[in-house]
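Position 14, counted from 1, in the sequence shown is what the working numbering calls 14; the numbers after and before it change by one each time, with no gaps.
A hint or two may mislead.
[Unchecked claim] The calculated lysine to aspartate or glutamate pairs, modelled on EDC-like cross-linking and capped at a C-alpha distance of 16 Å, are:
#1 Lys134 - Glu113
#2 Lys267 - Asp317
#3 Lys267 - Glu329
#4 Lys83 - Asp100
#5 Lys62 - Asp79
#6 Lys298 - Asp79
#7 Lys62 - Glu329
#8 Lys194 - Glu151
#9 Lys195 - Asp148
#10 Lys186 - Glu219
Everything labelled a hint here was simulated from the structure, so no lab data went into it.
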Amino acid sequence: MKQLLVAVLLVFVVGCKKESAPEASAPNAAPSAPAAAAVEKKLVVGFSQVGAESAWRTAETKSIRGEAEKRGIDLKFADAQSKQANQIMAIRSFIAQKVDVIVVAPMVETGWEPVLQEAKAANIPVILVDRGIKVTDDSLYTTLIASDFVEEGRMAADWLAKKLGEKGNIVELQGTTGSAPAIDRKKGFEEALKKYPNMAIVKSQTADFTRAKGKEVMEAFIKSDRKNINAVYAHNDDMALGAIQALEEAGMNPGKDVIIVSIDAVKSAFEAMVAGKLNATVECNPLMGPILYDTIAKIRAGETVPKYTQNKDQLFDQTTAAQVIGSREY
């Protein structure tokens, strides 16, 4: 009886060991395929935008946001509402969040060095879009993607000279004081005017790139010297459209009595050209999303990118506006 009991116990112990064996695993066994697969980290980009002061600016934001969504990029967007202080705060927030790349459309040219030093210390590349900056150390940003604002000003002046027969008085609506496009578009226009001694800017004032300010400043110009205005040069289309409204309300005929040339080539400018109220606009392409993220991909792959990538622009006037308005994306 005793021998039988021992035999039964041995069978029970051996059986238990066999059942538990499949649950055991070797100490150095490889993990399962899903656990071993590397999870790719989503690219995080911080974008500090000037604001939404114009149709051009809105189109740029839409392009950068839309392309990020298309590529599965986590875009952290900050609208500075036309205040540099807000942009600096946004950049510091992006640094604290440890984003992979910081993109800035700078409000003005100066005042960026301290915060960009912080980004550099955090090893976060900074890309400038549509506007440049002035710094003592250009390694503080990786690259600038923008149009040649000086050339845009030259194109506007040369077209206007031809239209006016190289003779006339011009009033100028400038962009935001201290901003790269305002500085450079004025510079290019004035450089080109040197070729035409019978043409001159008789009045010039900032209108902050907005339609409302463009109208307000143009009203002041008309009130002070309406008979001495042959042409309007506006640093962007929105200010030109405000000027058109002011001229019409003053009983003047924009596009005929007063020749108007502006910059940006937004769709509303084409509509004004088709209506005969705006004479010409120089393109400044805001659709920067694709080239921006292509550039970011190159930087992250360790490729060298140029310090400046120039957008190609062209001039449109009333003779071509109706033919191309249907194809405009912004």
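Results for each hint:
1. Lys134 - Glu113: holds, 9 Å
2. Lys267 - Asp317: holds, 13 Å
3. Lys267 - Glu329: Holds - the C-alpha atoms of Glu329 and Lys267 are around 8 Å apart, at most 16 Å.
4. Lys83 - Asp100: violated, 24 Å
5. Lys62 - Asp79: Cα-Cα ~13 Å, so holds.
6. Lys298 - Asp79: Since the Cα atoms of Lys298 and Asp79 sit roughly 26 Å apart, the hinted pair is violated (cutoff 16 Å).
7. Lys62 - Glu329: Holds, at about 11 Å.
8. Lys194 - Glu151: With Cα atoms ~15 Å apart, Lys194 and Glu151 stay inside 16 Å; holds.
9. Lys195 - Asp148: violated, 20 Å
10. Lys186 - Glu219: violated, 21 Å
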